[in-house]
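*Asks:* Take the given structure of chain A and dock chain B to it, following the hints.
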Amino acid sequence: QVQLVESGGGLVKPGGSLRLSCALSGFTCNDCYMGWIRQTPGGGLEWLSYIGDRRLYTNYAASVKGRFTTSKDSAKNSLFLQMNSLRADDTAVYYCVTGPQIRDAAYWGQGTLVTVSS
Amino acid sequence: DVVMTQSPLSLPVTLGQPASISCRSSQGLVYSDGNTYLNWVHQRPGQSPRRLIYKVSNRDSGVPDRISGSGSGTDFTLKISRVEAEDVGVYYCMQATHWPWTFGQGTKVEIK
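Going down the list, the protein sequences come from chains A and B.
Heads up, my numbering is the position in the first sequence plus 7, with the first residue counted as 1.
Heads up, my numbering is the position in the second sequence plus 164, with the first residue counted as 1.
Just chain A, same shape as in the assembly (with noise of 0.2 Å):
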């Protein structure tokens, strides 16, 4: 069965920094992309980034990029998203992603919350 547990959520302030992980189990992901995806408050849902495998090619979307890094080990099928400057529309629930192809976006972890509140 396959598992993604994310972690490392919490509150921060504004202008904080916060690290999430996600730990990817039950699935062999060779090759494969793996992403993060929000959801505010209010229900909406965001692709945030995604990360390749060999060549670790990533791509963010505009409201995180320059803040959000995303990184992974594939050893240990961790995936990572440092988050700086955070402000408080970075309020949501964040959920990495994966699947034999990302874009079909097949398996999703059971998020952890974020809140940027001072």
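One or more hints might be untrue.
[Claimed, not checked] Pair ranges (Cβ atoms, derived):
#: 1; chain 1: A; residue 1: S14; chain 2: B; residue 2: S236; range: 33 to 43 Å
#: 2; chain 1: B; residue 1: P176; chain 2: A; residue 2: K20; range: 35 to 45 Å
#: 3; chain 1: A; residue 1: S81; chain 2: B; residue 2: L175; range: 22 to 32 Å
#: 4; chain 1: B; residue 1: S190; chain 2: A; residue 2: S70; range: 16 to 26 Å
[To be verified] If you want a taste of the chain B side facing chain A, the calculated C-beta under 8 Å gives, among others:
#: 5; residue: Y201
#: 6; residue: P213
#: 7; residue: Y256
These are calculated hints, taken from the structure and not from any lab test.
Since we're looking at a predicted model, the values are computed, not measured.
Backbone N, C-alpha and C fix where the C-beta goes; we use that ideal spot for every residue, glycine too.
*Replies:* Same frame as chain A, now just chain B:
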């Protein structure tokens, strides 16, 4: 960015009756590899989203055949032939052809 517009946004349905959700994209969704990356995900209350349909009409394992996806170009539809209690929640369409990949606003399905 590609805008995904769903309708209706709220869908009260009677158990056993059919339901249909429309999703329209502001651009065509055929990718250079010939595939159309249009997915449907379902989020039950208190749970994370779960994919139901990928590439327009491919059902995920465990998804009942009373749930189907169809469409092409810029118009797509999710249909439930007979609504059951487990179908409540919010349904989102999602395109992954043009970056940034984008979602519809969501359609909340509830039982009358």
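*Asks:* Which of the listed hints are not met by the structure?
*Replies:* 3
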